Amino acid sequence: MWLKFEKDQLPLFTKIILFFQRKKFGFDLNPTKAWGTIPRLMLGVNFLFKLITSKKSGIDACLRTLISVKISQINNCEFCVDMNSYLFFESKGESKKIDQLKSWKESDIYSIREQIALEYAETITITGRNVTEDLQARLLQHFKKKEIIELTAIVAFQNLSSKFNSALNIKPNGFCDINKTK
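Residue numbers 1 to 182, in the numbering used here, belong to the letters of the sequence shown in order.
No false leads were slipped in.
Computed beta-carbon distance windows for the label pairs:
(1) PRO11 with ASP108: 45 to 55 Å
(2) LYS92 with PHE19: 28 to 38 Å
(3) GLN136 with LEU12: 44 to 54 Å
(4) GLY26 with ASN76: 21 to 31 Å
(5) GLN100 with PRO39: 38 to 48 Å
Computed list of lysine-lysine pairs in DSS-like fashion (alpha-carbon distance at most 25 Å, straight line):
(6) LYS171 with LYS96
(7) LYS144 with LYS56
(8) LYS50 with LYS146
Hints in this document: simulated from the structure, not taken from any laboratory.
These figures come from a predicted structure and were not determined experimentally.
We put the beta carbon where it would ideally sit given N, CA and C, even for glycine.
Hey, can you work out the whole structure from these sequences and the hints?
Next comes the structure, spelled out in structure tokens:
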């Protein structure tokens with residue numbers, strides 16, 4: 001990260017969050033140091049993340065994290081690729097789906113729902129693209145209206161997160177290395 005934040009200069013609230021992250025993961029999450037300089041922003045982002053990842057979501061964790069990895073790849077966010085790949089594996093996702101994600105259009109391992117969600121995520125993420133009537137029709141054919149709203153929120157959130165982290169050059173924490181040791 002090109003902006004440096006010393007722990008002793010962070011607000012008390014952020015230091016408490018970092019303490020609990022160390023207990024859970026064994027280290028501080030790199031984005032917390034940046035978001036945590038302004039606790040109200042960190043709280044807002046964390047609250048939105050909790051809502052999007054809720055067990056009440058109509059979008060299962062594998063699909064949510066799969067599209068999050070794809071968006072992170074597009075936005076060149078190494079931290080987000082690492083973290084979301086880890087969450088994908090934690091949700092019992094198949095590693096070959098992450099391995100082939102950069103060329104998902106040429107692969108036959110993705111379900112129709114995954115293909116449509118990935119296309120939708122790419123369309124929203126890449127500037128200048130529009131959601132076509134054909135894509136709208138396929139979304140409506142394979143997803144409930146509430147699921148489309150959730151998909152859109154997931155894509156919007158992941159764009160916020162990955163663009164923030166990429167702009168600040170926030171480095172990965174090595175989550176995928178943790179997953180390999182389990």
